[in-house]
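Novice: Each chain is listed here by its residues.
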Amino acid sequence: MRRLLLEGLLRRPLTEPLSPAEADETPALGAELAGAVRRKLGRSLAIRVVDAGSCNGCELEINALSNAFYDLERFGLHLVASPRHADVLLVTGPVTKNMAEALKRTYDAMPAPKWVVAAGDCALDGGCFAGSYAVLGGLQRLIPVDLQIPGCPPRPVDLLRSLVLLLEGG
Amino acid sequence: MNDILDKIDTDTAAFRTHALPDHIVTPGEWETAALALGKGAAELTALWASRRGVHMLLRAGGNLGLLTLETEDSFPSVGRHHAPAQRMERAIRDLHGLIPEGAPDTRPWLDHGRWGVSHPLGRPGPATEARYPFLPAEGESLHQVAVGPVHAGIIEPGHFRFTAQGETLVRLEARLGYAHKGIGALMRGASLTRGAAIAGRTSGDSTVAYAWAYAQAVEAALGARVPERALWLRALMAELERLANHLGDIGATCNDAGFAMMLAHCGVLRERVLRAADAAFGHRLMRDCVLPGGVSRDLDAAGHAAIAELVREIRARFPALVALYDTSPSLLDRTVGTGWLDPALAARFAAGGFVGRASRRAFDTRRDLAYAPYDRLRFEVPCREDGDVNARILIRIAEVGQTLDLIDQLLVNLPGGEASAPMPEGTPGHMGLGLVEGFRGDVLAWVEIGPGGTLAASHLRDPSWFQWPLVEAAIEGNIIADFPLCNKSFNCSYSGHDL
Chain A
1 MRRLLLEGLL
11 RRPLTEPLSP
21 AEADETPALG
31 AELAGAVRRK
41 LGRSLAIRVV
51 DAGSCNGCEL
61 EINALSNAFY
71 DLERFGLHLV
81 ASPRHADVLL
91 VTGPVTKNMA
101 EALKRTYDAM
111 PAPKWVVAAG
121 DCALDGGCFA
131 GSYAVLGGLQ
141 RLIPVDLQIP
151 GCPPRPVDLL
161 RSLVLLLEGG
Chain B
1001 MNDILDKIDT
1011 DTAAFRTHAL
1021 PDHIVTPGEW
1031 ETAALALGKG
1041 AAELTALWAS
1051 RRGVHMLLRA
1061 GGNLGLLTLE
1071 TEDSFPSVGR
1081 HHAPAQRMER
1091 AIRDLHGLIP
1101 EGAPDTRPWL
1111 DHGRWGVSHP
1121 LGRPGPATEA
1131 RYPFLPAEGE
1141 SLHQVAVGPV
1151 HAGIIEPGHF
1161 RFTAQGETLV
1171 RLEARLGYAH
1181 KGIGALMRGA
1191 SLTRGAAIAG
1201 RTSGDSTVAY
1211 AWAYAQAVEA
1221 ALGARVPERA
1231 LWLRALMAEL
1241 ERLANHLGDI
1251 GATCNDAGFA
1261 MMLAHCGVLR
1271 ERVLRAADAA
1281 FGHRLMRDCV
1291 LPGGVSRDLD
1301 AAGHAAIAEL
1311 VREIRARFPA
1321 LVALYDTSPS
1331 LLDRTVGTGW
1341 LDPALAARFA
1351 AGGFVGRASR
1361 RAFDTRRDLA
1371 YAPYDRLRFE
1381 VPCREDGDVN
1391 ARILIRIAEV
1401 GQTLDLIDQL
1411 LVNLPGGEAS
1421 APMPEGTPGH
1431 MGLGLVEGFR
1441 GDVLAWVEIG
1451 PGGTLAASHL
1461 RDPSWFQWPL
1471 VEAAIEGNII
1481 ADFPLCNKSF
1491 NCSYSGHDL
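The listed protein sequences derive, respectively, from chains A and B. Mapping the first sequence onto this note's numbering, position 101 (from 1) lands on 101, and the numbers just tick up by one. Mapping the second sequence onto this note's numbering, position 272 (from 1) lands on 1272, and the numbers just tick up by one.
If we strip away everything but chain A, and leave its shape as in the complex, we get (with noise of 0.2 Å):
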């Protein structure tokens, strides 16, 4: 263990600077959202993630936002056990019925002011699960969404950015 800890002392870190995004890449961010977080909440966010019936490839890209590589607390972004903890509820998968009510009340007991991000092509629009009768079809058929994060799953360096433009503004 104590050659791991030198080793790890003696590296030079993993952790990559993050590279600002392509033009047309850049999410869209609302004009009313861009700085209220900042201007209600200072530098730091905290994320409560819920899995509204993923396919859990989502849940594996927001994993990996806490290895070495992308570092995500580094940005004054932490993920929390408890929505009574969240300032943002970030959600993935088609939302199913069968977890509906339980994905409400956790926005619920989220206390005010609170965002929610929605995350990946299913929690958009219900990806190529739309249609079914055992889901709702994307997120903001149940609850508000402010921002919204494409892909299948989407990459964590998108997840990243988009989440560190929602805390200092567009």
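Simulated from the structure, these hints should not be mistaken for lab results. Be aware that one or more of the hints could be misleading.
[Unchecked claim] Within a straight-line C-alpha distance of at most 25 Å, the following computed SDA-like cross-link-like pairs (lysine to any residue) qualify:
id	chain 1	residue 1	chain 2	residue 2
1	A	Lys104	B	Lys1039
2	A	Lys104	B	Val1147
3	A	Lys40	A	Lys114
4	A	Lys104	B	Ser1118
5	A	Lys114	A	Leu167
6	A	Lys114	A	Val145
7	A	Lys114	B	Ala1152
8	A	Lys104	B	Ala1130
9	B	Lys1039	B	Ile1397
10	A	Lys114	B	Gly1153
11	A	Lys114	B	Ile1155
12	A	Lys104	B	Asp1342
13	A	Lys104	B	Pro1133
14	A	Lys104	B	Arg1175
15	A	Lys104	B	Ala1146
16	A	Lys104	B	Arg1114
17	A	Lys104	B	His1151
18	A	Lys104	B	Arg1161
19	A	Lys114	A	Gln140
20	A	Lys104	B	Asp1011
21	A	Lys114	A	Ala36
22	A	Lys40	A	Val164
23	A	Lys114	A	Arg74
24	A	Lys104	B	Gly1116
[Unchecked claim] Far from chain B, some chain A residues (derived; all Cβ distances over 12 Å):
id	residue
25	Ala36
26	Ile62
27	Gly76
28	Ala130
29	Gly131
30	Pro144
31	Arg161
32	Val164
33	Leu167
C-beta: ideal position from N, C-alpha, C; glycine also.
With chain A's structure known, arrange chain B on it following the hints.
Specialist: Frame of chain A, contents of chain B only:
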């Protein structure tokens, strides 16, 4: 009973290359098969329903047998004689409205009473009621803890009802179905291409395994031949997927024992695998890369080099992490002896993957129901008997080594030629079966071809169907705080199970 066992007569070579034949059986023969399963004379590989009735896939050695009981209303319960069938029967009842007669558990499973409809794949009716009684646990000073479907961590949705005496768990009952997306209905009548997209989104961490199993099923049903190069590239993707999941989960399991350093280091290696996959195949998880007929993207020299470099990097870094695991008594104290799975239960439930192989069930689809190109590759199937969290971690560590060797062989011997071929016209009514060893175990896909290049019906069976009940058994007598550790050491799929 021997008559039934005689029906397990489709050998591996036959179902791998041809449409799948089935045996139409009487209710009496169906029940005899259920009794044979209960006695351990054969393994239950899958149980599902279609418009024709119910289907039971049995395995004995390298042979499979598909039994079909044609029915419009009910069938003799298999779960009555063979417990692993119970949740599958409950799902059949929820989705198709076919009643398992004499079933010991008549509660719904996937249907939570919220779809606005009942029996969506059978004769649709009004929505069922949402009430769900949990199994009782009675005794002095017992208390219940309800967890989920929203969890503290970033994981899939499911509800766990713990009954504990002090810290010790007396009973765990899982309630699943929260991720049910109606995949069976979406597949019905879908084009073969759309079917591939949905199959690849059944369980995101096994997208290659699902897409490959689905492609195998379609190709077998159509009698299609796939170019050699495509088969080898599929295996390369499947091994990269296995590698990424094993590395990520070894770290995450140790993290659930409070040992964050393993997660940090394994997380770096996992990220390297995903980046190599992205460089080689254009997607970090290799989604939509396997299609019926071949693969969607050929491997170029740069991709080849990225994977070769990845193998070198992991070989250089991983041994120190294995040594770290082996020499950290505080970590081993949590994993050794925790979450013990009885080998007898693993055998009875035909538990696939590392869960089975850590509890004496030495089964691997790549070897025991072999498919190309694994029939031409050298690899070992590690197996242990101790069956605890430690055993499951050690099996996965051993499999990382096997997978690196397989990737070496695949890269060196990769045949040339095309990476995909056009598909022939299918014959409506033909059925095909695909079975692929994903990181979690055997992923099964069954399809029935419809008219004009569509799917008449399909069934995707995740290995988790046979593993989830075993989590409940393995956790008994452990402390409640060890549940995340035990659960992660199984890492069953919610989405793959809920469909």
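Novice: With reference to the structure, classify each hint as holding or not holding.
Specialist: Do the hints match the structure? See the list:
Of the supplied pair hints, the one linking Lys104/A and Lys1039/B is violated, its CA atoms being roughly 47 Å apart against a limit of 25 Å. Under the criterion of a C-alpha separation no larger than 25 Å, the hint pairing Lys104/A with Val1147/B is consistent with the structure, at around 17 Å. The hinted pair formed by Lys40/A and Lys114/A meets the criterion: a straight-line CA distance of about 10 Å does not exceed 25 Å. Among the hinted pairs, Lys104/A with Ser1118/B is consistent with the structure: their alpha-carbon atoms are about 23 Å apart, no more than 25 Å.
With a C-alpha separation of about 12 Å, the suggested pair Lys114/A and Leu167/A falls inside the 25 Å cut-off, and the hint holds. Taking the CA atoms of Lys114/A and Val145/A, the gap is near 11 Å; set against the 25 Å cutoff, the hint holds. The hinted pair formed by Lys114/A and Ala1152/B meets the criterion: a straight-line CA distance of about 19 Å does not exceed 25 Å. With a C-alpha separation of about 17 Å, the suggested pair Lys104/A and Ala1130/B falls inside the 25 Å cut-off, and the hint holds.
Between Lys1039/B and Ile1397/B the CA atoms are separated by roughly 34 Å; this puts the pair beyond 25 Å, and the hint is violated. Proposed proximity of Lys114/A and Gly1153/B is supported: the alpha carbons are some 20 Å apart, at most 25 Å. Note on Lys114/A and Ile1155/B: the hinted pairing holds, with a Cα-Cα distance of about 22 Å set against a maximum of 25 Å. With a C-alpha separation of about 40 Å, the suggested pair Lys104/A and Asp1342/B falls outside the 25 Å cut-off, and the hint is violated.
Between the alpha carbons of Lys104/A and Pro1133/B the distance comes to roughly 23 Å, so the proposed pair stays at or under 25 Å and holds. Distance restraint check for Lys104/A and Arg1175/B: the Cα-Cα separation of roughly 19 Å lies within the 25 Å cut-off, and the hinted pair is therefore satisfied. A C-alpha spacing of about 18 Å is found between Lys104/A and Ala1146/B, which places the hinted pair at or below 25 Å, so the restraint holds. Between Lys104/A and Arg1114/B the CA atoms are separated by roughly 14 Å; this keeps the pair inside 25 Å, and the hint holds.
Of the pairs offered as hints, the one joining Lys104/A and His1151/B holds, with about 14 Å between alpha carbons and a cut-off of 25 Å not exceeded. Restraint check for Lys104/A and Arg1161/B: the C-alpha separation of about 21 Å stays at or below 25 Å, so the hint holds. At roughly 15 Å between alpha-carbon atoms, Lys114/A and Gln140/A fall within 25 Å of each other, so this suggested pair holds. With a C-alpha separation of about 50 Å, the suggested pairing of Lys104/A with Asp1011/B is violated against the 25 Å cut-off.
Restraint check for Lys114/A and Ala36/A: the C-alpha separation of about 11 Å stays at or below 25 Å, so the hint holds. Simply put, Lys40/A and Val164/A have alpha-carbon atoms about 15 Å apart, close enough for the 25 Å limit, and the pair holds. Under the criterion of a C-alpha separation no larger than 25 Å, the hint pairing Lys114/A with Arg74/A is consistent with the structure, at around 21 Å. Taken as a hint, the Lys104/A and Gly1116/B pair is honoured in the structure, with Cα atoms around 18 Å apart against an allowance of 25 Å.
The claim that Ala36/A is not at the interface with chain B holds, since no C-beta of that chain comes within 12 Å of its own (minimum 26 Å). Annotated as non-interface, Ile62/A brings its C-beta within 12 Å of a C-beta of chain B; the closest such distance is 6 Å. Gly76/A, annotated as away from the interface, keeps every beta carbon of chain B farther than 12 Å; the closest lies near 18 Å. Not every CB of chain B is more than 12 Å from the CB of Ala130/A (nearest about 9 Å), against its label as outside the interface.
Look at Gly131/A: its CB is around 7 Å from the nearest CB on chain B, not clear of 12 Å, so calling it non-interface is violated. The beta carbon of Pro144/A sits about 19 Å from the closest Cβ of chain B, which is more than 12 Å, so the claim that it is off the interface holds. No Cβ of chain B approaches the Cβ of Arg161/A within 12 Å, the least distance being about 16 Å, so the stated non-interface status holds. Under the 12 Å C-beta cut-off, the non-interface status given to Val164/A relative to chain B holds; the minimum distance is some 19 Å.
In this structure Leu167/A is separated from chain B by more than 12 Å, as the shortest Cβ-Cβ distance comes to about 19 Å.
Going down the numbered hints, you'll see the structure goes against 1, 9, 12, 20, 26, 28, 29, while the others check out.
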